[in-house]
Structure formats: C-alpha cells, structure tokens
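Enquirer: Sequence:
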Amino acid sequence: MSKYIFIISLFFSISTQAQIVSSKDFTADYQTKALKIYRDTIAMRTARGHDQVKIMAHYLADRFRDGGFDDNDINVIPFVSPNGEEIASLVVRYRGDGSSGKKPILFAAHMDVVDALRKDWVKDPFTLIEENGYFFGRGTGDDKFGTTLLTATFLRLKNENFIPNRDLIIAFSGDEETEMLTIEDLVANHRALIDAEFAINADSGGGSLSTEFVPISYQLQAAEKTYADFTISITNPGGHSSRPRKVNAIYDLAQALKEIESYDFPIQSNDITVAYFKMRADAEKNELGKAMMDFSINPNDSKAAEIISNYPNQIGIIKTTCVATMLDAGHAENALPQSANANINCRLFPGTNVDEINSKLRQIISNPNIQINVSGTPKSAPASPLREDVMAAIKKAVHAQFPDLPIIPYMTTGATDGRALRAGGIPTYGTTGQFARAEDSFAHGLNERVLVKSFFDALEHWRIVIHELSQ
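For the sequence shown, my numbering gives the first residue as -17, with consecutive numbering after it.
Worth flagging that the hints you see were computed from the coordinates, not collected in a lab. Only a predicted model underlies this, so the values are computations on that prediction, with no experimental measurement involved. Here a beta-carbon is modelled for each residue, glycine too, at the ideal position from N, C-alpha and C. Possibly wrong hints are sitting among the right ones.
Listed next, the in silico DSBU-like pairs over lysine-lysine satisfying Cα-Cα at most 30 Å (straight line) [as the list claims (entries may be wrong)]:
(1) K361 <-> K84
(2) K140 <-> K84
(3) K105 <-> K18
(4) K140 <-> K18
(5) K342 <-> K285
(6) K285 <-> K378
(7) K240 <-> K377
(8) K15 <-> K378
(9) K285 <-> K272
(10) K342 <-> K240
(11) K342 <-> K84
(12) K85 <-> K6
(13) K105 <-> K260
(14) K301 <-> K228
Computed spacing ranges between beta-carbons, pair by pair [said to hold, decoys possible]:
(15) N280 <-> T109: 32 to 40 Å
(16) A265 <-> N114: 25 to 33 Å
(17) E338 <-> A10: 27 to 35 Å
(18) P294 <-> D253: 22 to 30 Å
(19) E194 <-> E338: 43 to 51 Å
(20) Q453 <-> D11: 32 to 40 Å
(21) D11 <-> I37: 23 to 31 Å
(22) A382 <-> K240: 40 to 48 Å
All chains should be modelled from the sequences, with the hints used to inform the complete structure.
Expert: As structure tokens, this is what we get:
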C-alpha cells in the first residue's frame, strides 16, 4: 500500500466518524477561546439592516485589547452604508520586529452575513448549534469562520510571544455580502492602515472532501471574476391590449435576450486557470478530465473548450459569461407594455474591462432602441501571480493534516473582497483552512454548517501559515 493510499484510508476510517466528533474533544485554551468568539459572533445578526456589524467590530476590538494588543493598533472605522445604516470595518496590526525588511502581510475576512429567517431554518440561524459533528448557524462558513479563526490565531500567537519578522494586519470588512464598499473604503481612504506586500483572504479557498469524507484536494484562490450587472431596457407609448401593435416592448426585449443567449464569449485563460485544469484533470474520470488536460496543454483547443463549456461549474473558468437574471415588464394585464427591463449579470474574466462588455452587449443587441446601463461602479481586477512563499506555506499547513494532498490554484467565478484588494494593487490569495463535502455547502442558504473537526483543525492551519510567512 502506497503512503498516499494509506493516509487516505486512515482518514477515511477517522472521518466517517465525523458525526461523533464533539467540541469537548478540543479543550486547549486557544480552542476554547476560539469557540467562544465563534458562538458570540454567530449570535450577532450582522445582515444588512440589523445594526449588528458595528457591534461585532467593537466586540472583536475588545478581544484584541484583552489579548494584549495596543489600543493604537486597533481601529474600528465607521462607515455609513447607502441605506443609511451605520456599519464598520476593523483593522488590527500585529507588530513585527521588521527583520525581514518587507512590507506587512494583510489577512482579510468579512463580518457581515446574508440574512436568514428563523421560520425557514430547522434550527435558529443566529445560535451556534453543535449536532452530529457539525456546527450549524448563519455565518458558520461564510464568513465568521474566517473572522473567528484569524482573531483566535492572532490572540494565540500573541499569547505565545511570537514575534513576526514583519507587521501582520487584519482587515475585517462590513458589507462584503452587499455593496463591498467598506473594503473599497479601506483601499482608497485608509491605505496606510492596510498597505501590504500581499493579502491572504480567509473568505475563499479550502479543501474538498468526497461524500465519504475522503480528502480530494485543496484549492488556493488566486483570481476571481469581476461581477457586473447591466440593465437593458426599452420603452414605447403602449396602448390598449385589444389593438396590438407590431412594436411591443416585451417582444423587443425578448429578442434582445435571445441575442445575448446565443452569443459565445471568446475563450480566455491565464496561468492560474491552466494550472487548475492540469491538476484537476486527474480527479475527473470522464470526458471532462480529458478536456481539462487538453486545455491545459493548449488553451486554444476549441474542442476541449466546447466540452468544458457543457459543465455549468466549469464554463465560467474559461470565459466571460453574461446571463439574464431578472425581468420587469408591463404595467397592466389589459394594456400594451410601455416599458420592459431585464438585468444581465456578467462575470468578467480577469483583465477584461467593464466598458468592453458594455460595448460588446451593444454589438450583440441588434435593436438600437434598447438602452444599456451599467449598475453601480464595478471594477476589474487582475489575477494574482502565484507566489512560491504562499504556495509553500499553504502546502505545509495542508500537508501537516493530509500529506501529499494536491494543492490546486484556482479562479473563483463569484466575488469576494479580494477583488478590491487586487484592483488596489495588493495581490490576494484565498485560503480558509476548512475542509467540506460539496453536499454540506450551504453558505447563503438554509441550515449553513461546517464540520466541528474542520473548525478546530483550521486553527492549526492558520498558525502554520502565519508562522511560515513571517518568520
């Protein structure tokens, strides 16, 4: 039996009993403190409109003060959201001795969550509940997992008198799940507080487990697509529905939507996506695996790209995508529509400019009367170049738990605060330290959960990562 097979088999025998793992099995002082922070912050309904983000920021600030951090190195930065709610960011600096001569390392996460309704959940979403080897609660994964682990690890290292060779900075944003304005505020208006050589984002990346809890791989996020919404709309005078006209706002809009549906954006690639497909190919045993390998060898392989495009969870990795997500048309059942509008959600491949997509939509839509408007102020961000020091630190942390497990760099098709950091010139890499099964992924959904064992194991993951990068 090979070393790798032995380790996987050993993990299988342990992990299939994950349901009986209890927090009582983790009793070290730093683990107890981490669990208390986790429980206390899960209880804070930090969703938009509930005035809890600022409370969480001050709560965590107090924990850093209690842990020996100088008050001058703890900054709660107030921010007023577009809906008038007072929220905040939290920035904490862990002073190093400067012996490396390098700029600080930034560690990012977000305090806010997507809202959850008690009537929809089996359990109270804002009470941390431990059951059958899982922690349940809103934010257990996204992203109070990240804020808790970073806070607890900084406190642990401070208590152990660890002195990094450069400053380490925590930056917790307050509205990642909505407008992402607090991270942009930090980048634009408080750069001196967060300026860093690179950032580690605790809101992306992580390990994959099979249905049987067997580890598959660990993903390191190094790029993400740009989120952009476009509104396409058309108006006309309307009229009585008993006197139909050939010009109809709904039909005109429908034609524009069909034109967008039928357009294929060009295939794109970068070092991260090529590396992702090369390393991921072996895990796929069907035509997708071969297409991934062929694409990694030749990113211009149109046949491989076509096969990859047939898989919804992979198509976004090779191109920009635009898709209709919302419709609003007409004003009465017995009247011709005076207006019709649709939201087109686009995820732009790194390096693609928002204006480029705006122009492309104009070319795709044949009707010149269709208006196209960009919602908000989306910003493009480049991919982060893979760093040997970051890869080595993640590899050591992951392999301390699962030797020989492949570390795969990847690009997320969603959006995190990492986009604003990258756009601001701070290369950013995503790692959570969490391992999870695909069927246990309920972030933003009902009955969000993480494995109890994974929570406590991630504490060691973060200790190793920070040690490796700053000593």
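Enquirer: Assuming the hint says 25 to 33 Å, is it satisfied by the Cβ distance from A265 to N114 or not?
Expert: Because 28 Å falls inside the window, the suggested range holds.
Enquirer: Quickly compare the C-alpha distance for K342 and K84 to 30 Å and report which way the hint goes.
Expert: violated, 42 Å
Enquirer: Take a quick look at whether K85 and K6 sit within 30 Å of each other, Cα to Cα.
Expert: violated, 40 Å
Enquirer: Holds or violated: the 43 to 51 Å window for the beta-carbon distance between E194 and E338?
Expert: holds, 45 Å
Enquirer: Taking 30 Å as the top limit, are the C-alpha atoms of K105 and K18 close enough?
Expert: It holds: about 19 Å lies between the C-alpha atoms, which stays within 30 Å.
Enquirer: Measure nothing beyond the straight line between the CA atoms of K140 and K84; if it is 30 Å or shorter, mark the hint as holding.
Expert: holds, 20 Å
Enquirer: Does the hinted range 32 to 40 Å hold for Q453 and D11 at CB?
Expert: For D11 against Q453, whose Cβ atoms are near 22 Å apart, the range 32 to 40 Å is violated.
Enquirer: Tell me if the beta carbons of N280 and T109 are separated by a distance inside 32 to 40 Å.
Expert: violated, 52 Å
Enquirer: Just to be careful, I want the Cα atoms of K361 and K84 compared with a cutoff of 30 Å; is the pair within it?
Expert: Since the Cα atoms of K361 and K84 sit roughly 28 Å apart, the hinted pair holds (cutoff 30 Å).
Enquirer: Hey, K342 versus K240, does the alpha-carbon distance stay inside 30 Å?
Expert: holds, 15 Å
Enquirer: Compare the distance between the alpha carbons of K240 and K377 with 30 Å, and conclude whether the hinted pair is satisfied.
Expert: violated, 46 Å
Enquirer: Hey, K105 versus K260, does the alpha-carbon distance stay inside 30 Å?
Expert: Roughly 41 Å between the alpha carbons, so the hint for K105 and K260 is violated.
Violated hints, in rising order: 6, 7, 11, 12, 13, 14, 15, 17, 20 and 22; the structure is consistent with all others.
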